[in-house]
Structure formats: C-alpha cells, structure tokens
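> For reference, the chains in residue letters:
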Amino acid sequence: MPLLHRVARQNEVPIGFSLNGKPCEGRRGDTLLSAILTIDERLRPSDFSHEPRAGFCQMSACQDCWVTLISGERVRACSTPLAEGMQVITRAANSAGEPA
Amino acid sequence: MSDAAKDRAQPLIVGAGPAGIRAAATLVAAGLRPIVVDEAPACGGQIYRQPLVPDGRDARVRYGSEAPKAERLHREFAGLQGKLDYLPNTLVWNLSDGVADVATNGGHRRLAHDGLILATGAMDRILPVPGWTLPGVFSLGGSQIVLKAQGCVIGSRIVFAGTGPLLYLVAWQYMKAGVKVAAVLDAAPLTAQMAMMKALPGFPAIVLRGTRFIAEMMMKGVAFHYGINKLRFEGTSRIEGVSFEVRGKRRHLACDGAGFGLGLKPETQLADLAGCQFAFNERDRVFLPQTDTARRSSVPGVYLAGDGSGIAGADAAEMSGERAALSLIEDRGLAVDPGRAGKLEKELRKIFAFRNVLEQSFPFPSQWIADLPGDTMVCRCEEIDVSGIRDAADHFGIVEMNRLKAVSRIGMGRCQGRVCGSAAAELLAASTGRPISAVGRLRGQAPVKPLPMSYAAIAPAVTGEAAE
Amino acid sequence: MKVDVAIIGGGLVGCSAALALRQRGLSVALLERGFCGAQASGVNYGGVRRQGRPIEQLPLAQRAHAIWPKLRQLIGIDGEFRRTGQLKLARNETEMASLEAYARGAASTDLKLELLGANALAERFPWIDREIAVGASFSADDGQANPRLVSAGFAAAARRAGVEIYEQTPVLGVSKEAEGFLVDAQGVPAIRAAHLVNAAGAWAGPFADAFREGVPLGRIYPSMIVTEPMKVFMTVNTGVEGGEVYARQVERGNCIIGGQRGAARADDADFSRPTDVGVTTVMQRAVRLFPSLKNAHAIRFWSGTEGAMPDKNPVIGQSSTTSGLIHAFGFSGAGFQIAPGVGEVIAELITTGETTTPIDAFSIARFFVDAAKGSGAGAPPQSPQSRGT
Chain A
1 MPLLHRVARQ NEVPIGFSLN GKPCEGRRGD TLLSAILTID ERLRPSDFSH EPRAGFCQMS
61 ACQDCWVTLI SGERVRACST PLAEGMQVIT RAANSAGEPA
Chain B
1 MSDAAKDRAQ PLIVGAGPAG IRAAATLVAA GLRPIVVDEA PACGGQIYRQ PLVPDGRDAR
61 VRYGSEAPKA ERLHREFAGL QGKLDYLPNT LVWNLSDGVA DVATNGGHRR LAHDGLILAT
121 GAMDRILPVP GWTLPGVFSL GGSQIVLKAQ GCVIGSRIVF AGTGPLLYLV AWQYMKAGVK
181 VAAVLDAAPL TAQMAMMKAL PGFPAIVLRG TRFIAEMMMK GVAFHYGINK LRFEGTSRIE
241 GVSFEVRGKR RHLACDGAGF GLGLKPETQL ADLAGCQFAF NERDRVFLPQ TDTARRSSVP
301 GVYLAGDGSG IAGADAAEMS GERAALSLIE DRGLAVDPGR AGKLEKELRK IFAFRNVLEQ
361 SFPFPSQWIA DLPGDTMVCR CEEIDVSGIR DAADHFGIVE MNRLKAVSRI GMGRCQGRVC
421 GSAAAELLAA STGRPISAVG RLRGQAPVKP LPMSYAAIAP AVTGEAAE
Chain C
1 MKVDVAIIGG GLVGCSAALA LRQRGLSVAL LERGFCGAQA SGVNYGGVRR QGRPIEQLPL
61 AQRAHAIWPK LRQLIGIDGE FRRTGQLKLA RNETEMASLE AYARGAASTD LKLELLGANA
121 LAERFPWIDR EIAVGASFSA DDGQANPRLV SAGFAAAARR AGVEIYEQTP VLGVSKEAEG
181 FLVDAQGVPA IRAAHLVNAA GAWAGPFADA FREGVPLGRI YPSMIVTEPM KVFMTVNTGV
241 EGGEVYARQV ERGNCIIGGQ RGAARADDAD FSRPTDVGVT TVMQRAVRLF PSLKNAHAIR
301 FWSGTEGAMP DKNPVIGQSS TTSGLIHAFG FSGAGFQIAP GVGEVIAELI TTGETTTPID
361 AFSIARFFVD AAKGSGAGAP PQSPQSRGT
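Residue numbers (the UniProt record's numbering), protein chains in the order written: chain A, 1 to 100; chain B, 1 to 468; chain C, 1 to 389.
Quick caveat, the hints were computed from the structure, so don't treat them as lab data.
Do not take every clue at face value.
[Stated by the list, open to error] Just the calculated beta-carbon pair ranges, DEER-fashion:
id, chain 1, residue 1, chain 2, residue 2, range
1, B, P460, C, D267, 51 to 61 Å
2, B, D58, C, A264, 51 to 61 Å
3, C, E251, B, G107, 25 to 35 Å
4, B, D331, A, V13, 47 to 57 Å
5, C, R288, B, D375, 23 to 33 Å
6, C, T235, B, G107, 23 to 33 Å
7, B, A456, A, P14, 48 to 58 Å
8, B, E282, C, A264, 25 to 35 Å
[What the hints assert, rightly or not] Only pairs whose alpha carbons sit at most 30 Å apart, straight line, appear in this in silico DSSO-like list of lysine-lysine:
id, chain 1, residue 1, chain 2, residue 2
9, A, K22, C, K294
10, B, K198, B, K343
11, C, K70, A, K22
Even glycine gets a Cβ: it sits at the ideal position worked out from N, Cα and C.
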C-alpha cells in the first residue's frame, strides 16, 4: 500500500524509473519522494536498527529520506526531482551493522 | 551608486521565502545588487512553495486565503531577475568572516559578501512520541508541503496531532482536498484557546479563520480532542493507528496517515556559524539569535529576518525582511526613509504582541517528557532513545547540551540535532532538575546539511568572488 | 579546603592523574575552566597509536598501551577502544624510506612494525588506492578509541572514586606557600594542596609562568571530518606518512578523517573551527586515497584547541623551580594514546618522587638549557639535562 495518493497531476507525462529493480512510473513534476511513496511505503532502512523509514519533514531539514541510486550515489528524496531512468534502491542498508 | 559603493562586495541574502524576497526587493530598490541563495528550485520558501511543474490547480487551492500574497511575491521575485544574482538549488553550508561557502551545481563556491541577511525560515517543532518514526507519520509542515507542492496527500484516513495554528490549517486543507480527516488531536487544552479569544480585542482575521476551519470540519464529522497526552503512533512497518489519552481515558483511532507537529522552530544554525549571540526565549523554550528592532544581530553586517530568528508568520517575515534590508542599506551609508522603517517596526511590534497571545493558547507540551517510555526514539538519525539519553547523562554526570551530545551521540547525525535538539534539552533539563535555559544549546557546526565528499576542493588562493 | 593534590585541567591527563592518585589513597581536587573532556582530549581524532611517535616517547606509550585494554575495569566503559592496527602509508620512495628508517629506530623497542610492499598492501588492504600508496608500515597492536567517551569516562570515574571535580571553575591564581600551594579558583573557597599538577593543556602557560618557567607553548587546531554511516570497509586506522590525511572507521560505520588545521574563532579564541579550504582539501584527498568514500557525505566538521611545543614533545615531569609542582601539557596533537600512561606517571611522581618510565626528554628544563636563549619569563637555574631529540 503506497503512503501517498495523488490529488493532482494524475495525467501528467509519465517518467520511467526503477525501484529495487522493478520498472515503475512517476509523473513529471514529482520529487523522488513522491514518485516512490505513491508506489511503495518506505524509502530506506534506518542506519542502525534497519527499521523502515519514509521521510518526515519534506523540506530538506530532517535528512530522513536519503535513498541510494544503483550507481552508489545518495540523494535526498524530498529535494531531488524524479528523472527518467533513475534506478533507486530502498531496501538495502547503506550503513553499519552489515559486512561490506 | 558611487564608485566606492561599487567596489564593495554584494550583499548576500540566504533564503528566498517571504523575508528573503522582500529583503531582495528592498535592496534592489536602493540600487544594490544582492546575491540570493536558496535551497529550493523556486522562490517562495516553505509557506509559498511552488510546484516543480504547473499542476493545473489554482493558487487559491494551493495557498488558500494567502494566495494573493503568494502570487504577488512570486511575481515580484520574477521581476527582480537581472537586478540580482539568484542561486537556487544552493546550500549555504558554512559562514565565516564575510564568506559564505555554498554547494551549488555539483561543486563548491565561496561567496564573499558585504552585508548578510539571514532569512532561513523554520521547520516543525517536535517532541518525540512512540511511533513517530513510522512510515506514514509526517510533520505537519511536510503534510502541507506534499499537498501544495506535489499534489499528493499522506493517506486516505488521516489523523492530525500536535498543537498550534498549523494543526487546524493543514487539517482543513486536507479536508478541502477531499480526504477523510478522522480527527484533530490538540495537546493544548480548549481552555487555553478560550483564554486567547478573551485576550484578543476584535478577533483578528487569523483567529476568525481558525474558528471557521473548526466549524467547517465539525460539519464534516471531524473529531476534535483537546488536552490530549500519552500520544502514540501505532503500526508495525507503517502507521496503522493512533492512540492517546484524554481526561484519563485511552482512545484509539485507525488511520493510514498522520501529520504531527507542535508549533514551529527557527532554523538558527547559520546565525550561529555567523557568530550571532543567542538568548533564551521563554515563550518558545529555545535559544534564539538576538536582534534589535531594526533586525541587526550582534554581529555587525549580519541581519536577521523572518521566522529564522523567531516565529511570527509570513506577514511578519515580509516586514522584517524589508526592515533588515533597510538597516543594511543604512549601514552602507545610503539613504533610507525613516518613516518607512518606523512604520515597519510598529507593525512588527503589533504582530509580535498578537503572536505572544497566540502561542500561549498552543503551549509546547513539555510535560509529555515525563511520560515518555524509555524506548521512545528521540534522535531519528543516530537512533538514540529516551533511555539512551537519560542513562548517558546519568553515567557521565552531564548537565550541558554539548556534553550530552558528546557522550550520547544525540544531535550527531545527518540533521545535526535540528529535529531532536529541543526534545533532548527538555529531557536533560527534566532529568537533571535544571531549568531548560540552564542546559544550553547545541553549538552549530558546518556543514549545516550533509555535503558530498567528492566535490573539488576550494583552492587556497581564491579570494572572494562575486556571483556572475 | 585542604587536599593532597590540586590538578588544574580536566582533560584526559588531569582526569587520569586524578583517578590514579585516588587509587593510591590521596585526596584530590580537580579544577576545570569549562567541562571535563570538552577540549582537545574529547575532540581529537581518536588514534591510539605508538607508531610514528618520537623514539623517546615509546616507553611512555608502551606504558599507556598496557592500560588501554583495561579501560572497562578502570573507568567502567571500554571507550570503544579497538586494537584494529594502525597503518602508515608511503606515497613514494622517499616516504617509504622514512618509514623504513623509523622501523629500524624502533626495532629495539616493544613496538612491532611490519613493512609492506605495494603488492602486500594491495592484497591486505584493497580499499586503499594502489596508485597512491606504494608501501606501508603496519603496527598490528595499535588501534583507535572514542575520545568523547574516554575523556568523559575518566572524568566520571575520577568523580566516582572521590575526586572533587569543579567544572566551569577557572583558576585565577596559584602560588607557593611554605607547606604547599594555594589555588585561587573562581567561585570556590581557597584550596591548599601539598602538590600541584599543571595539566591545563593549551591554557597551561600562565601556570608555568607563575613559577618562573615560561615556555614557548603554542596552539594548534587539528581539523576533523566525519561522514554519514557507511558499510564498514576501512578495517584499520590509517594515515599517510607526514600526516596530510588520516582516517579511521568506527563500528557504527562513520569514517573520521583528519588533516589540515582549523583556526581559532574570532568571537571566542578558546574554540576553533575548521576552515573551508582545509576540510574540502582533506575530503578530496580522502576520496582519492579511499575510493569507497566517493559517494559519501560529510555530516560534521570540528576542530579543537591543543597546546603544542616547538619540538613536538610534551612537557611532563617535576618543575625545575618549585618542588611539589608537576607539569603535564603541550602534547602537540599526539596526547590521546599516552595520556592514561601520563596519569600513572604523575601519580608515581607524587607518591614516590620518581617514576619507572623514562621521561627526562620531556622535562620543562629542556627549554632553559641555554640561559642566553632562555625565555623572557625568567629562566630558572641551568639544568644539566639535554634536549630531547
């Protein structure tokens, strides 16, 4: 069940991206956060206990919505516009507690 | 402009919300060419935030009764292009001695400036409660931003909890967007709001508007509970419900989304890095950078505007932005209209007085601290819970916030304590039996937000450069 | 108030000395102008290494080396001390020759070093860029710890052991009396002590001056960067020869990276901050040396104020002018590992008048060897001691 539901831009141009390897569609004008959370219900495991997290402040302040791209690059989902072909990983831990 | 004035570096404005835009317009009108740096891709700040692409919705839908102001400011800033240097999508990560370090366009830039107006805005103020880190719990501000700027809502059956005017505004906006708002849960007792009604002569528009919101929501079957405590967000991998106590009785509500916030908290890290003096503010139980009525900070050439130096709302932000700009202009030896400055100060005094009454009717529920279970997460980044903080303070005999940070890691994560700092101070004050003003505040540290390691280094020989 | 020992300075040296003295049954008052462990002791890089120290420091470092694994018994926490090993990298033949020369010099000591060529280095530490590092010297028994916890831990343990700790209590004046010392500190009654320890770090100068032992104590501001938590890849504490960049990764995943210098704050000279040029230079060097950092974000920079001597050796030992006075300051950016050993040495000096660990090289008298070049603060009678090398 997605966390977010659209009330506007439903018919905006679709933008293709992948979420944990699965092809998905967002809309032109989406942030990465909106694109992911209108499909899914998490953005990342927390760093230490690996609890699911899905952002909080939506204004680049709380730093809770960092997601990993397949290139290894890390971006803050709430302030990153969705771009065609983005390959996003939300299930793998970035951090400590797991071997490299 | 005289030749001498041309030789001086440009003024720098941080933030392009109502305070920053108004400051920019004022500086341009005085013949100066400011640099305006803003993290967002478009101007407006959080309150008048714009969508990434037009989404077919009217400004009235997006900004409600404030739509004319939002549109006026957006238009005004657009009209200033060419007369200022605007760096959107740009983070100021450090300030020192007339230089701002910014991350922009995949690299670092050093912006030398002469005169600095900080219009850094605010975010939701939080006191952690069990479950507040669950997916589907967003800050009130975040709930509003995703609706106005992204055209998305945070669920199909939503509970809004916390306190403050934003609680009612966001709930009403969600109702108007056609979403089922299950309940509004206010930490403040109804008696506090009644007291405000009595204290305010002639019911200012904002109060009337709030009353209307409540009436309309009641008509739609939204439940209201006042003076709630022991709030918890419940669910396993996402929010599934909310429970709370009211008049000693525990209640439970099912929901699939929740907005949570307890008023607003200024973004003060840059004022700290700029060296501004701070003083404890009793009303908001936080340390704020000090400013005089002309918006001068304790540091010559640094001016403070908008909610970033104390919560007063968007209208006050515009006025303090203008007032700060007038001080900067005057300090450059240019002429200003003293009548205009005096008028702004008078209006600001009125708004501040009103705000004091307003805030009293939505007091921060610091008493919740005593009821928090030990495993309540306080620091989302470092995952430090209530017991972790209490135990560390206890074991090491800590009485001060920066020492608490050193031994508990609170505030050491990606957000640098911007979210949990207030709560940690409340916890330390409560557990040491000291007043919150005595435990101090976390020192600001660069970078104020995470900074990519891979950016090319700043060359040592570079002196100040102006924006092109 | 009357105590056996008054200690000025609540850093790691002062607090470990206080604890060691209490354990020997002496009464101790400790005076700290700010908060214990809040300055250099608590904000340093956290390297626990003997490798790279001047040879004359190695006996003292070896003494401390024995204390680190016993922190839990001593202060109740392990301070995140881990014997991960410490690796010193050479980026060219000259640096490798320097590492080799150091290894030869240390051969007769307890410090065991292993020299690695390019292939062995690449095989054992594949996360280091092999284009940059051509060889290394590895000290398997050195490691790292968390300075924030260790410094606060010694202070808390000292307090629990019965040391009277006065924080936010600057010392306003010290003087010698017939029976010992009189310490005048802000907001507390006069303290009379048979012994006085000057462990005031970067602020120690006036307390040496007061006993006609003016020394060229300077200040340095090491500059640090910490990344967000990442998967653990950096298995050992690592630095390049010459100290241009050094890094370690903690178990939680954050990488701590040092290099360059900060600067004192204009509005409060007791605190310092990194510089933009410094941190961005170090970040770039670190990303080149450790490619796994390419996508990392830095989340915090900090600096600290550290007392430094021109010869980079600390001042440790009895005063050259005043009996009962002991100096221990000026650790010059390398005090963390040896500090617990220094605490024991101070306790020994006070209780027995001597120490089993050679510390002659650190005598304050080394600055007064040549009276003609002596400090203007009044050079004491010439000492026969020679300067440390």
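> What's the verdict on K198 (chain B) and K343 (chain B), does the C-alpha distance respect the 30 Å limit or exceed it?
27 Å, holds
> Could you tell me whether the CB distance from D58 (chain B) to A264 (chain C) stays inside 51 to 61 Å?
55 Å, holds
> Decide if the proposed pair is consistent with the structure: K22 (chain A) and K294 (chain C), CA atoms, cutoff 30 Å inclusive.
Judged against 30 Å, a Cα distance of about 26 Å means the pair holds.
> Within 23 to 33 Å or not, the Cβ separation of T235 (chain C) and G107 (chain B)?
Holds, since T235 (chain C) and G107 (chain B) (Cβ atoms, about 32 Å apart) stay within the stated range.
> Do the Cβ positions of D331 (chain B) and V13 (chain A) conform to the proposed distance bound of 47 to 57 Å?
49 Å, holds
> Against the range 25 to 35 Å, how does the distance between the Cβ atoms of E282 (chain B) and A264 (chain C) compare: consistent or not?
Holds - the Cβ-Cβ distance for E282 (chain B) and A264 (chain C), about 33 Å, lies within 25 to 35 Å.
> Would the pair K70 (chain C) and K22 (chain A) pass a check requiring their Cα atoms to be no farther apart than 30 Å?
51 Å, violated
> For the hint 51 to 61 Å, verify it against the beta carbon of P460 (chain B) and that of D267 (chain C).
24 Å, violated
> Given a hinted range of 23 to 33 Å, is it respected by the beta-carbon distance of R288 (chain C) and D375 (chain B)?
This hint is violated: roughly 42 Å between Cβ atoms.
> Taking the beta carbons of A456 (chain B) and P14 (chain A), is their distance inside 48 to 58 Å?
Given a distance of about 36 Å, which is not inside 48 to 58 Å, the answer is violated.
> Are E251 (chain C) and G107 (chain B) spaced within 25 to 35 Å by their CB atoms?
With a Cβ separation near 33 Å, E251 (chain C) and G107 (chain B) satisfy 25 to 35 Å, so the hint holds.
When the structure is compared with the earlier hints, violations turn up for hints 1, 5, 7, 11 and for no others.
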